[in-house]
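Assemble the complex: chain A is given as a structure, and chain B must be docked to it using the hints.
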Amino acid sequence: GAVVSQHPSRVICKSGTSVKIECRSLDFQATTMFWYRQFPKKSLMLMATSNEGSKATYEQGVEKDKFLINHASLTLSTLTVTSAHPEDSSFYICSGRDTDYGYTFGSGTRLTVV
Amino acid sequence: QKEVEQDPGPLSVPEGAIVSLNCTYSNSAFQYFMWYRQYSRKGPELLMYTYSSGNKEDGRFTAQVDKSSKYISLFIRDSQPSDSATYLCATNQGGKLIFGQGTELSVKP
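Taken in sequence, the protein lines are chains A and B. My numbering applies: residue 1462 is where the first sequence begins, and numbers increase by one. My numbering applies: residue 93 is where the second sequence begins, and numbers increase by one.
What the hints contain is simulated information worked out from the structure, not anything from laboratory work. There could be a bad hint or two in this list.
Unchecked claim - Heads up, simulated DSSO-like pairs for lysine-lysine below, C-alpha to C-alpha not over 27 Å straight-line:
#  : chain 1 : residue 1 : chain 2 : residue 2
1  : B       : Lys134    : A       : Lys1503
2  : A       : Lys1525   : B       : Lys94
3  : B       : Lys94     : A       : Lys1502
4  : B       : Lys148    : B       : Lys94
5  : A       : Lys1525   : B       : Lys134
6  : A       : Lys1527   : B       : Lys188
7  : B       : Lys148    : A       : Lys1475
8  : B       : Lys134    : B       : Lys148
9  : B       : Lys200    : A       : Lys1503
10 : A       : Lys1503   : B       : Lys162
11 : A       : Lys1503   : A       : Lys1525
12 : A       : Lys1481   : B       : Lys134
13 : A       : Lys1503   : B       : Lys94
14 : B       : Lys200    : A       : Lys1481
15 : A       : Lys1475   : B       : Lys134
16 : A       : Lys1525   : B       : Lys148
17 : B       : Lys162    : B       : Lys148
18 : B       : Lys162    : A       : Lys1525
19 : B       : Lys134    : A       : Lys1527
20 : B       : Lys159    : A       : Lys1527
Excised from the complex, chain A in its bound form (with noise of 0.2 Å):
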């Protein structure tokens, strides 16, 4: 089946600092990937949408200066969280579609800021 990689798994880093998180679909072409966060006992908040080639589609609320959001190829997307503070610590999550019902997740990233 499809498989999205997504690392690191956890990342640890400093208030100020900038921390990239890579997707990448293994065995499908995602031209839209789509980047969730999710906190604890909460469903997945849809952040923002990527389409390969173009700029990110960014859901309501959500600074799209802090969370810059790269799709230049088919198969890898990432997302860097810019100037982090600790209220940016959470667990964000990617997916690939493939086809009309199939969105494929990755494991996910545990993100603290200290």
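Positioned in the frame of chain A, the structure of chain B alone reads:
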């Protein structure tokens, strides 16, 4: 009103029990319905999907959609401790997934 509503639980059952997980949705235009399972600190994995009304069975899992009442269900037979996870219902609107809140299930040995 949220587009997809799901009781967050938590739900605790003994091993071997039949589990019923449910969601309601508001928009009758929704057609695809999915159930995802998410283990702690992992990404969701697709369990089942259904299109329109009816039942779909896969091993111990049965997904059911009742479009007349805008109700979707997931049944787990002979539940196992390894089924302990959060279960999320979802539907597809405009290419984006809309999730319920997720139900945390614990199956006790």
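These are the hints, each one checked on the structure:
Annotation: proposed proximity of Lys134(B) to Lys1503(A) holds, straight-line Cα distance about 13 Å (limit 27 Å). Taken as a hint, the Lys1525(A) and Lys94(B) pair is honoured in the structure, with Cα atoms around 25 Å apart against an allowance of 27 Å. Between Lys94(B) and Lys1502(A) the CA atoms are separated by roughly 17 Å; this keeps the pair inside 27 Å, and the hint holds. Taken as a hint, the Lys148(B) and Lys94(B) pair is honoured in the structure, with Cα atoms around 25 Å apart against an allowance of 27 Å.
A distance of roughly 25 Å separates the Cα atoms of Lys1525(A) and Lys134(B); the hinted pair therefore holds under the 27 Å criterion. For the hint pairing Lys1527(A) with Lys188(B), the CA-to-CA distance comes to about 22 Å; that is within 27 Å, so the pair holds. For a cut-off of 27 Å, the pair hint linking Lys148(B) to Lys1475(A) is broken: about 48 Å separates their Cα positions. A distance of roughly 26 Å separates the Cα atoms of Lys134(B) and Lys148(B); the hinted pair therefore holds under the 27 Å criterion.
A threshold of 27 Å between alpha carbons decides the hint, and for Lys200(B) with Lys1503(A) the separation of about 22 Å falls inside it, so the pair holds. Restraint check: the Cα-Cα separation between Lys1503(A) and Lys162(B) comes to about 23 Å, which is no more than 27 Å; the hinted pair holds. With a CA separation close to 22 Å, the supplied pair Lys1503(A) and Lys1525(A) stays within the 27 Å bound. Between Lys1481(A) and Lys134(B), the direct Cα distance comes to roughly 18 Å. Compliance with the 27 Å bound is thereby established for this hinted pair.
A C-alpha spacing of about 14 Å is found between Lys1503(A) and Lys94(B), which places the hinted pair at or below 27 Å, so the restraint holds. Annotation: proposed proximity of Lys200(B) to Lys1481(A) is violated, straight-line Cα distance about 39 Å (limit 27 Å). Taking the CA atoms of Lys1475(A) and Lys134(B), the gap is near 24 Å; set against the 27 Å cutoff, the hint holds. Under the criterion of a C-alpha separation no larger than 27 Å, the hint pairing Lys1525(A) with Lys148(B) is inconsistent with the structure, at around 40 Å.
For the suggested pair Lys162(B) and Lys148(B), the alpha carbons sit about 17 Å apart, so the restraint of at most 27 Å is met. Between Lys162(B) and Lys1525(A), the direct Cα distance comes to roughly 35 Å. Violation of the 27 Å bound is thereby established for this hinted pair. As the CA atoms of Lys134(B) and Lys1527(A) are separated by approximately 24 Å, the hinted pair is consistent with the 27 Å bound. A threshold of 27 Å between alpha carbons decides the hint, and for Lys159(B) with Lys1527(A) the separation of about 40 Å lies outside it, so the pair is violated.
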